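Generate coordinates for the entire structure from the input sequences, incorporating the hints supplied.
Number of protein chains: 2
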Amino acid sequence: MPELRKDPITGRWVIISSERSKRPIDFHEQRTKKRAGFCPFCAGNEHTTPHEILAYRDNGQANGPDWRIRVVPNKFPALQVEGDVNKQGEGMFDKMNGIGAHEVIIESPNHNATLAALPERSMEEVLWAYRDRMDDLKKDRRFQYTLIFKNEGLAAGATLEHTHSQLIALPIVPIQVQEELDGSRKHYKLKERCIFCDIIKQEIQTETRVILESAHFIALAPFAPRFPFETWIMPKKHISCYACTTTDEFRDLASLFQNVLRRIDRALAVPPYNYVIHTSPFKDEENDYYHWHIELMPKLTNVAGFEWGSGFYINPTPPEEAARFLRDVKP
Amino acid sequence: MPELRKDPITGRWVIISSERSKRPIDFHEQRTKKRAGFCPFCAGNEHTTPHEILAYRDNGQANGPDWRIRVVPNKFPALQVEGDVNKQGEGMFDKMNGIGAHEVIIESPNHNATLAALPERSMEEVLWAYRDRMDDLKKDRRFQYTLIFKNEGLAAGATLEHTHSQLIALPIVPIQVQEELDGSRKHYKLKERCIFCDIIKQEIQTETRVILESAHFIALAPFAPRFPFETWIMPKKHISCYACTTTDEFRDLASLFQNVLRRIDRALAVPPYNYVIHTSPFKDEENDYYHWHIELMPKLTNVAGFEWGSGFYINPTPPEEAARFLRDVKP
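Residue numbers (the numbering used here), protein chains in the order written: chain S, 3 to 333; chain L, 3 to 333.
Among the clues, some could well be false.
The list treats identical chains as one, so a pair stands whether inside a single copy or across any two.
To be verified - Cross-link-like lysine-lysine pairs, in silico, DSS-like; alpha carbons within 27 Å at most: (1) K285 with K332; (2) K238 with K188; (3) K141 with K89; (4) K193 with K89; (5) K77 with K193; (6) K89 with K140; (7) K89 with K332; (8) K8 with K285.
It should be emphasised that the hints constitute simulated quantities derived from the structure, not laboratory data.
Since this is a predicted model, take the numbers as computed values, not measurements.
Next comes the structure, spelled out in structure tokens:
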């Protein structure tokens, strides 16, 4: 059974996933490993994944072909879905069972598809699939948060190249989201305004860090980005939770999101990237202080050095320059 | 002039280092770049580095050969040492000039040396050099913190293979150290005890996460490690700041530290690694609540994916197993 453990000094939770446990030598092999030829995510190979949780298909039956989007449990889950959270102490330390869902959103049946080049309608459906899974997992009272993210490219942590995102439902809130929640609650207490709404307003006025705007969304380079070309995508009006977004808004987002991805591919020669959706925890989904958004990080530098151990980042590209490049490039 | 910018939501500071600014295409080249043959850190090449700030040598003159340890300014500094901090606003955002020192500690004149295999006396001198530079930089009232770290191996962010550490003196405190300070202050307020002292006491009792103990130091796998084989090295008695450590204690540390590095090299096939020294900020160096320590992270997994964007880590190796491996391996 995997465990969730809390660092007693900072309050940061980690998964200790003993089911995936490795001997020291395995790490060495992993460093030099190549990817296999067979792809379990391709149409026709449905029987090689665990049974699907959700699929969008016109006709045909569950776990058959003819799907457009397919959500399946991760075959090597970091968390275990059955069981009780069972919070307990170990002397001064806190831990609980590693209960949670770990799912894979297969974004296309086509092995060579990329998120940036999907038909816009399919991109919209990817956004829907995220929402549908969040709405379903919310019903499970053990969970506080659903972390949705994409690792694109080997260097960004993807172990299968077929385009997919992942979802982890958790009995805790990830520390960076918690820090944002704390910060924006503080701002709201002081000003009675959402700090993200304030940022968006100022960014639209100054323009220098804006990459792209649509009817309902804005893509911008944040004022203090950790990484070159880090990009945030946010609804322009206040929406506290991802799943509160309307179908119309998702349609608008699909188009803007793909536009941004294409610009990044063009400007940076199809880099590996990660994105993470930040949204309000289930307990307080609709609120006035937090603003859901996507944080998108192209993986451009080899560096993952002292930053891990300090939380202190050196970014060689001013966000104003990054935004200008991405504005000027043809998507 | 580089800038320090503060994320308004979380309070995290980043360096925007425009002097190192890159065109998008440069990142692509960097991804595929090989290292050059010439090494500016080797004995005999002293003229190719900026003038030395500190060196340990028996005789001979500054910037000549015959040194054992040499500290020089980083040729491509992330921060600029001359000038005024000049804190200012930009609408709702906060920034200041990117004032700071960025230095390189060259740990040996020998190109093929590794920290793990240095003579013990040289390792001791590396620890002294860190202390001497901290003590000197503390006199500069613009600085609040000195971040000392080592990136070993290309995958850990080292751009030159000749063994060296780096030092960045900062007008701010890195967020992870700040979070630890906040957490340990809270614990002290509640219990009137240092949380690190409490952890050490419990770990010595339970033994399962202890890797190695010496007269004055302990190496252990923390209860909630982010990474496989993450290792913390701490003084066993309460010492709040690195520079408060005595010469005797440094001698003891040199031996334990190398022993740990050799065990990691042996168990994990000489992995790339990073370490970062966490110590109390200059303003309150001697205190009862914070405990200086080294966080050492072998770089074993390719993964630097969604963790960047969530602060949430999946660790496939329970620390009890990691500690057992490192205890059992012959250094």
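- Mind listing which of the numbered hints don't hold for this structure, in increasing order? As far as the earlier hints go, 1, 5 and 7 are violated by this structure, in ascending order.
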